[in-house]
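Asker: Heads up: the sequence lines are chains U and S, in that order.
Counted from 1, the first sequence has number 78 at position 82 by my numbering; the numbering is strictly sequential.
Counted from 1, the second sequence has number 22 at position 26 by my numbering; the numbering is strictly sequential.
Just so you know, these hints were derived from the structure itself, not from any lab.
Be aware that a few hints might be false.
[Said to hold, decoys possible] Listed next, the stretches of chain S that the computed footprint assigns to chain U, with coverage defined by at least 3 CB atoms under 8 Å from CB atoms of chain U:
1. 19 to 28
2. 56 to 65
[What the hints assert, rightly or not] As a list, the in silico BS3-like pairs of lysine-lysine whose alpha-carbon atoms are at most 30 Å apart:
3. U:Lys47 / U:Lys22
4. U:Lys22 / S:Lys22
5. U:Lys55 / U:Lys22
6. S:Lys58 / U:Lys66
7. U:Lys22 / U:Lys58
8. U:Lys66 / S:Lys47
9. S:Lys62 / U:Lys42
10. U:Lys66 / U:Lys42
11. S:Lys66 / S:Lys43
12. S:Lys58 / S:Lys47
13. S:Lys43 / U:Lys58
14. S:Lys66 / S:Lys47
15. S:Lys42 / U:Lys47
16. S:Lys22 / S:Lys42
17. U:Lys58 / U:Lys42
18. U:Lys62 / S:Lys55
19. S:Lys47 / U:Lys22
20. U:Lys22 / U:Lys66
21. U:Lys47 / U:Lys58
22. S:Lys47 / U:Lys62
23. U:Lys22 / S:Lys43
24. S:Lys22 / U:Lys58
25. S:Lys42 / U:Lys55
26. U:Lys62 / S:Lys66
27. U:Lys22 / S:Lys62
28. U:Lys43 / U:Lys62
29. U:Lys22 / S:Lys42
30. S:Lys42 / U:Lys62
31. U:Lys55 / U:Lys66
32. U:Lys43 / S:Lys22
Where is the CB? At the ideal position from N, CA and C, for every residue including glycine.
There are 2 protein chains.
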Amino acid sequence: IPLSRNTRCTCINISNRSVNPRSLEKLEVIPASQSCPRVEIIATMKKNGEKRCLNPESKTIKNLLKAINKQRTKRSPRTQREA
Amino acid sequence: IPLSRNTRCTCINISNRSVNPRSLEKLEVIPASQSCPRVEIIATMKKNGEKRCLNPESKTIKNLLKAINKQRTKRSPRTQREA
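Bound conformation, chain U alone (with noise of 0.2 Å):
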C-alpha cells in the first residue's frame, strides 16, 4: 500500500529497525517538495547496497547522526584545524 498516491515519493515502506553506523555507506535527507510533502531518509547500506528507508521521527536518526559525528571525532582528530 503506497503512501500517498499523488506524489512521487521514493521511499514506499519506512523502516523503524535501528541501524548500525558501521553498516551505513551513506545516508541521504531529501527535504519535502512538490513531488514528495514528506522528508525522506534513505540508508543505503555497505553490504550489498540496499537501500532502506528511515523514519525521519525515529530516535534511529538521531542516534545515527550521533554516531557518526563520534566517528569523525575519533578518526579524525585534524578536521576542526583544517576546516
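With chain U held as given, fit chain S onto it using these hints.
Answerer: Quick look at chain S alone, frame taken from chain U:
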C-alpha cells in the same frame, strides 16, 4: 590543496556558507570509512544540481536538519500516524 593524499574523499573544498533548505535537493551524509577518514556531507542544490560539501561541525548542518524537520511537520502532518 587536497586535505589528504592517501584517501579518496569526495570533498576537496568544504564550504562554511549556509544553505537555504528550500534550495536543497538532497543532503548526503557519508560516514568515515577506510577510503575517507572523515565524515562528508554533500548538499545537492535544486537549481543546477550543484554539489557543495559542508562542514559537519558547522551550525549550518544542525540548522539545516532542523529546518528540514520543521518543513515536514508543516507540510505533512499525517506522517506520524502513517508511520
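Asker: Quick one: which hint numbers does this structure break? Sort them smallest to largest.
Answerer: As far as the earlier hints go, not one is violated by this structure.
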